[in-house]
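Engineer: Sequence:
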Amino acid sequence: MAKTTDAAGDRSEEKRGAAGSVQSVDRAVSVLEILARLGEAGVTEIAEELGVHKSTAFRILGVLEHRGLVEQEHERGKYYLGAGVLRLAGAAAIRLDISQEGQPVCRALADETGETANIAVLDGDAAVNIMQARGAAAVTAYNWLGRRTPLHATASGKVLLAHLPRERRERLLERKLARFTANTLTTAGELRRQLTVAAAEGYACSCEELEVGLNAVAAPVRAHDGAVIGAIGVSGPAYRMAEPLLAELAGQAAQAAAVLSRRMGFAG
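Heads up, the sequence shown stops at 282 in our numbering, and the numbers go up one at a time, no gaps.
These are calculated hints, taken from the structure and not from any lab test.
Cβ atoms here follow ideal geometry from the backbone N, Cα and C, with glycine treated the same way.
Hints are all accurate, no fakes.
Pairwise CB distance ranges, derived in the manner of DEER restraints:
#1 Tyr-253 - Glu-215: 21 to 29 Å
#2 Leu-259 - Gly-82: 43 to 51 Å
#3 Glu-184 - Asp-137: 15 to 23 Å
#4 Tyr-94 - Arg-207: 42 to 50 Å
#5 Gly-216 - Gln-37: 46 to 54 Å
#6 Arg-182 - Leu-259: 27 to 35 Å
#7 Ala-281 - Glu-181: 22 to 30 Å
SDA-like mimics (lysine to any residue), calculated; alpha carbons at most 20 Å apart, straight line:
#8 Lys-92 - Glu-62
#9 Lys-68 - Ile-48
#10 Lys-92 - Ser-44
#11 Lys-68 - Glu-54
#12 Lys-190 - Arg-180
#13 Lys-92 - Ala-50
#14 Lys-190 - Gln-208
#15 Lys-92 - Ser-69
#16 Lys-190 - Ala-140
#17 Lys-92 - Arg-73
#18 Lys-68 - Glu-85
#19 Lys-68 - Gln-86
#20 Lys-92 - Gly-53
#21 Lys-92 - Glu-47
#22 Lys-190 - Arg-206
#23 Lys-190 - Thr-201
#24 Lys-68 - Gln-37
#25 Lys-68 - Leu-46
#26 Lys-92 - Arg-41
#27 Lys-68 - Ser-38
#28 Lys-68 - Arg-90
#29 Lys-92 - Glu-54
#30 Lys-68 - Thr-58
#31 Lys-68 - Glu-79
Please take these sequences and the hints and turn them into a complete structure.
Structural biologist: Structure, rendered in structure tokens:
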């Protein structure tokens, strides 16, 4: 009986802990919204807006300040939104911009090649497809839109990996590389060699590395400052996108990437 009571108590405590965590997140977001509305505010003012004790407001502000989401004029001064918010907003804006600007480019690439064209961006430790268009020869109705794909087993992923800062790229390469097919690269050394070639040649290929029978090529999309913010590529059945044809398709992907990069403000 005691064990049952203890288990029920543990579950109740877990529920209270989860509810408390959600409440803390809600309050943190509310603080950001308050500062966005007011421009700046002190601890007392924020506590009154939240309906909490000053010590609670101060703890929330301390966490947000540590993450760079709020800043303080000086010790005991008023708080305002920090550079971390701009970083997050900038990342969201880039994704929205590349989706908007990439739509006609992705469509044109699909029409030109007859295959499925995709635009992907980095999403943590994966690539996520944010745009897709199917060409006349596309034989599958598979929808890649919104799908997160492994960086090491896809053409777009290799492009994104190849242009990451070295330290971040190495951290990702230190992880276990999952095998999806017999062709998947699962050793960091082998993958590094391909990434070096991809950076030098301006495109990357994937030959039945994620799915048997599927090949792909992709090229980097750059922002106004030259930073790689995405990849645009073509994927299709291996029997039609055979390796001898990949170089030609890569050239078409690279041309599309150049067009999209110019639309994103890149003058190079």
